[in-house]
Amino acid sequence: MKIKLSIVLLLFAGFYVVSLPGFAHHGSSAYDFTKLITAKAKVTSLEWGNPHCILKFETKDETGVVIPGSLEMYNPLWMARAGWSKETLKAGDEVEITFHPAKNGSWNGYIRIPECKILFHGRSLNLDENGSGTPPEPK
Amino acid sequence: MAAAMSLAMTPVAVAQSVAPSAAAGKHDAFDPRDLSGQWSGGLGGGLHTVGKIPTMLPDAQAKFAANTAELKTTGVITVDPTFSCEPPGVPRIYDLGSSLVELYQTKDRPDRIFLFYEVIHTWRTIWMNNRPMPDNGGVPLALGYSLGHWEGNDLVIDTTGFADWGWINRAGYPHSDALHLVERFHRMDREHMRLDLTLNDPKAYAEAWKMAIDFVLKADWDFAESFCRPSESAKFKGNGDLTATDPNVAPTK
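Chains as they are written, first to last, in our numbering: chain F, 1 to 139; chain E, 1001 to 1253.
No lab work stands behind these hints, which were simulated from the structure alone.
Glycine residues also receive a C-beta, built at the ideal position from the N, C-alpha and C atoms.
One or more of the hints may lead you astray.
No more than 30 Å apart at the CA atoms, straight line, and that leaves these computed lysine-lysine pairs for DSSO-like [stated by the list, open to error]: (1) F:60 x E:1237; (2) F:90 x E:1235; (3) F:42 x E:1218; (4) E:1052 x F:35; (5) F:117 x E:1063; (6) E:1237 x F:103; (7) E:1237 x F:117; (8) F:103 x E:1063; (9) E:1052 x F:42.
Here chain E is said to cover these stretches of chain F; the calculated rule only asks that three of the stretch's residues, wherever they fall, bring their Cβ under 8 Å from a Cβ of chain E [as the list claims (entries may be wrong)]: (10) 69 to 81; (11) 84 to 95.
Excised from the complex, chain F in its bound form (with noise of 0.2 Å):
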């Protein structure tokens, strides 16, 4: 399913929020559904362990400050049938994130296909456990 999207808030550099017209049934929960951000980040860890798998991973505001931020992302069942493993991504790699913001303003966000996007090496890393998109690199 293709999403149009549409940039209504450009908010530093390297960031952007998006918003999903139409695509708000989550409404009520801790993120926000409605929109998505977009970051250049660095990897700080990738959490392999249920509930859901949680990457780790600092990025920098416009004035250059570092920010510690989260993504919840599916549980290691998911992730490993879409054919990642907890060494798909370590500490150090540069990615380039979408996700769904928390609706506090933290930079922990949530991660969800077919909208949300991790891209690694230029390359966006398959989030469906049914298989489609680009696998992850081997290592």
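With the hints as your guide, set chain E onto chain F.
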């Protein structure tokens, strides 16, 4: 018990005829009573409401308010019992993760069907021998006590005997110990199976609650290990604002 289980776990078709194969297509021949194999409900488990969520009665409304109080302040639910590895019960187990369901009937145990859940690595026993619902002295059960029978090609399961502390779904809707759950498994074609659920809980809801899951056969997947580990859950909950829940009912279809 472990020895008995290992002897009984030879996977055979619920009705012995067409054996699933990964190469088969959805239009290939299939036995509608053959429910064996590994079935995926998709992201989140696939449990969704059909029609309207019924009207909650006062006791259930009070429980729901308590279960979801955090939503009004922090926007998250951290009291979800499954976050602490409490047993999810039924139908909550279909609304947890995104794992496989597998049905087994064994040649040497024709009086029962085992219904395995990859998520939290557990199973239910579905008694197929026309036994009466037992009086277990009111011992509260997370998964209830399940009696099954065939109606045409549908496997119909009646389950009662539930504890009164279970959640129906991740959104915090409660059920009472009066819950009577009816599950109807219907194989639609070679690759698709529909599970229709009807919840009647006269202590908690004014009307029946209809739910469903659309399963897809994953013949070439392995049934994996997926335990809930309290230590992992505690670590997860320690990660700031992260929450494993999406406190919403899946979209109504």
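The hints, checked one at a time:
1. F:60 x E:1237: Holds - the C-alpha atoms of residue 1237 of chain E and residue 60 of chain F are around 25 Å apart, at most 30 Å.
2. F:90 x E:1235: 19 Å, holds
3. F:42 x E:1218: Given that 30 Å is the threshold and the Cα spacing comes to 36 Å, the pair is violated.
4. E:1052 x F:35: Status holds; Cα separation ~27 Å.
5. F:117 x E:1063: Violated: residue 117 of chain F and residue 1063 of chain E sit about 38 Å apart, past 30 Å.
6. E:1237 x F:103: 17 Å, holds
7. E:1237 x F:117: 24 Å, holds
8. F:103 x E:1063: Holds: residue 103 of chain F and residue 1063 of chain E sit about 25 Å apart, inside 30 Å.
9. E:1052 x F:42: 45 Å, violated
10. 69 to 81: holds (count 9)
11. 84 to 95: It is violated, with 0 qualifying residues against the three required.
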